[in-house]
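Given the coordinates of chain F, work out where chain E should sit on it, guided by the hints.
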Amino acid sequence: MAPVDAAMIHDITGPLAVRVFREMGGERVFDPERIIMLFDHQVPADSIPAAENHVFMREFAKEQGIHNYDLLEGVCHQVVMEKGRAAPGEIIVGTDSHTCTYGAAGAFATGIGSTDMGFVLKFGALYFRVPESILVEVEGAFGRRVGAKDFILSLAGDIGADGATYMALEFTGRAMREMNMAGRMTCANMAIEMGAKAGIVAPDAATWEYVTARREIEPFDLAGDPDANYQERRHYDVTDLAPQVAVPHNVDNVVDVTEVAGTKVDQVFIGSCTNGRYEDLAEAAEVLGNADRFADGVRVIVIPASRTEYLKALRGGLIERFVEAGALVEAPCCGPCMGGAFGLLAPGEVSLSTSNRNFRGRQGSTQASVYLSSPATAAASALYGEITDPREV
Amino acid sequence: MRVWKFGDDIDTDAIIPGRFLTIYDPAELAKHTFEGTRDEFAKEAREGDIVVAGSNFGCGSSREHAPLALLGAGVKAVIAKSFARIFYRNAVNTGLLPLVCPEADSIQDGESVVVDIAGGYIEANGRRLAIEPVPGFMKEIVDAGGLVAYAKNLKEVKTCSTK
Chain F
1 MAPVDAAMIH
11 DITGPLAVRV
21 FREMGGERVF
31 DPERIIMLFD
41 HQVPADSIPA
51 AENHVFMREF
61 AKEQGIHNYD
71 LLEGVCHQVV
81 MEKGRAAPGE
91 IIVGTDSHTC
101 TYGAAGAFAT
111 GIGSTDMGFV
121 LKFGALYFRV
131 PESILVEVEG
141 AFGRRVGAKD
151 FILSLAGDIG
161 ADGATYMALE
171 FTGRAMREMN
181 MAGRMTCANM
191 AIEMGAKAGI
201 VAPDAATWEY
211 VTARREIEPF
221 DLAGDPDANY
231 QERRHYDVTD
241 LAPQVAVPHN
251 VDNVVDVTEV
261 AGTKVDQVFI
271 GSCTNGRYED
281 LAEAAEVLGN
291 ADRFADGVRV
301 IVIPASRTEY
311 LKALRGGLIE
321 RFVEAGALVE
331 APCCGPCMGG
341 AFGLLAPGEV
351 SLSTSNRNFR
361 GRQGSTQASV
371 YLSSPATAAA
381 SALYGEITDP
391 REV
Chain E
394 MRVWKFGDDI
404 DTDAIIPGRF
414 LTIYDPAELA
424 KHTFEGTRDE
434 FAKEAREGDI
444 VVAGSNFGCG
454 SSREHAPLAL
464 LGAGVKAVIA
474 KSFARIFYRN
484 AVNTGLLPLV
494 CPEADSIQDG
504 ESVVVDIAGG
514 YIEANGRRLA
524 IEPVPGFMKE
534 IVDAGGLVAY
544 AKNLKEVKTC
554 STK
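Those protein sequences? They're chains F and E, same order as listed.
Per my numbering, the first sequence starts with residue 1, numbered consecutively.
Per my numbering, the second sequence starts with residue 394, numbered consecutively.
The following block holds chain E by itself, in its conformation from the complex:
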């Protein structure tokens, strides 16, 4: 459960560079995660490790390869002060848990954290930090384990009028 700490505005090009986008297998993508910006991550990240970052994590490209690469590396959750919109959706949809924690800055690289989703907090070195709940409808997708699992049992969707 070690923490890999990153700063603000970590973009999806940094998470997985453009030249690897013909790869779709999470385990293969994981070999190139943060390549060129934090090379030790791909080598040393272990199952259950957690990425912690500042604001606007996952900005930039809509590439879903980014959450897939993190999942492939064994990361189950990303804790950040805020997320870029497309990454946030992609994470929820693919089963990577994006957790908004206003005090994420206080977590240090290499620390160990415990996430208590039901309790709405994380514990880092004895400190208890609040996490914001996943909003409304997205909770159903998280509970299903991602949008694929959610959609499998769906016969049709109800749409609202937009005109």
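Bound conformation, chain F alone:
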């Protein structure tokens, strides 16, 4: 068993973890200060059972002395990162598959189920298999309006939906070093879409700047050994990478945007733990430029990933631009990505989304289609009402 430095639970999978903790005979959690609780999937409560879950979790937090961010702060992975709850070398688990996002902070972070979490709440430790690692060397420099999301989608297409099952992806290379934290979070976030247990970016000056701004911690060196034994080394050069799109109904079904350009879209969603940060919204707003309106007949839903990111976007004038152009801007939450709260699709409808999954039925009807892209491609497509190459706008 390995000790756990932090454990994250939210409104969907948390209640079951708490029930399991009780069934295991749990009375007091191992350390309330190491538990991060918040609500993001069904907020504000969209049903009476969801509201009951929130009440149940609030009461547990109060009873155990756990700090509860409740529904005020935003999407779990963004909140954990921006509150400085993840740092290099830590072991972090969360009852959400995209917990691997904290690999951007140099943490070993992985998603677990509720029964595993019940065990963690009680014992502060969990059984793990040490994963093999795939070294992903990303060289070159991104072209105009091409970035982290395009790279990680192309990697998913290359490695496949189960190509990294049970393994850790270690990202390195010039393009990673030059990537901001928002982009690194996008990459680490989608490691799970290749089956990986973790996606880690070796900490550098940018990591430490981000982490030390959020908690008191002395930077230290943490890197793969020069003679580390990797399962595999993969080399990529992003210099000529085109904007990428994952087409229905699998995340590894990835093509250049040019192959699907012209596909009509009914809804465009810009947000989620993958692409709901200020940098993502700024990327979308830059493509929007001075255009008056998004295309007629397209519902554009913009959801900042957290209250902090929302405020940055608000103060930067981005929110005003989106609303002027006809977008619906919602309060920070998982939104349509969760496929149960709001923004659902009818049979036959098509959505282009900056989130991380396009499984059949993920955003509503199993007869609907979901495409995945970067914020730049999403914004360009929202402007024209069809999937559009952002380099052409």
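These are calculated hints, taken from the structure and not from any lab test.
C-beta: ideal position from N, C-alpha, C; glycine also.
Don't take each hint at face value.
Said to hold, decoys possible - Per label pair, the in silico range of CB-to-CB distance: (1) E:Asp498 to F:Asp292: 52 to 58 angstroms; (2) F:Ala346 to E:Glu504: 35 to 41 angstroms; (3) F:Thr239 to E:Arg521: 51 to 57 angstroms; (4) F:Arg233 to E:Gln501: 36 to 42 angstroms; (5) F:Phe220 to E:Glu496: 46 to 52 angstroms; (6) F:Thr239 to E:Pro526: 56 to 62 angstroms; (7) E:Pro495 to F:Thr212: 46 to 52 angstroms; (8) F:Ala141 to E:Gln501: 50 to 56 angstroms.
Coordinates of chain E only, in the frame set by chain F:
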């Protein structure tokens, strides 16, 4: 013991869609298993039926509602060429048996299969197919009937140094 055959990359959204995640009772979850992608499953699955699939079964969301829904439907084991990591753990933890069978593709929908855990094989229409053993420590959890039962008798855990 009928086989419900599925393909590759069956994700947990397909097993139990996001809109049902406020349900925690396996019997209630079972009513919505594969809703929208294979509606007859919830109606016709019987106690002891077996799900057989290709590679990467249970990919996607960490929702434990997925193994719980299958258990609620009476499924005791899932046989697949490979499993997604979180689902595999969730299945073991909740007492649903995930069996890795490299030849799972050769099993047909509607067939009947017999699982012999101790013998390390399954029998499908007279054919004997090998299954891989549950790895190391997880066998103890399987033998206990899940992680809750395993943890109940546990006073403390021994941890390794990770620094």
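So, going through the hints one by one against the coordinates:
1. E:Asp498 to F:Asp292: 52 to 58 angstroms: Hint holds: Cβ distance 54 angstroms, inside 52 to 58 angstroms.
2. F:Ala346 to E:Glu504: 35 to 41 angstroms: Check passed, 37 angstroms falls within 35 to 41 angstroms.
3. F:Thr239 to E:Arg521: 51 to 57 angstroms: holds (53 angstroms)
4. F:Arg233 to E:Gln501: 36 to 42 angstroms: Between Arg233 (chain F) and Gln501 (chain E), where Cβ atoms are some 40 angstroms apart, the hint holds.
5. F:Phe220 to E:Glu496: 46 to 52 angstroms: 49 angstroms Cβ-Cβ, so the 46 to 52 angstroms window holds.
6. F:Thr239 to E:Pro526: 56 to 62 angstroms: violated (47 angstroms)
7. E:Pro495 to F:Thr212: 46 to 52 angstroms: Taking Cβ atoms as reference, Pro495 (chain E) and Thr212 (chain F) lie about 49 angstroms apart, which means the hint holds.
8. F:Ala141 to E:Gln501: 50 to 56 angstroms: Cβ of Ala141 (chain F) to Cβ of Gln501 (chain E): about 52 angstroms, so the range 50 to 56 angstroms holds.
In summary, the structure is inconsistent with hint 6 from the numbered list given earlier, while agreeing with all the others.
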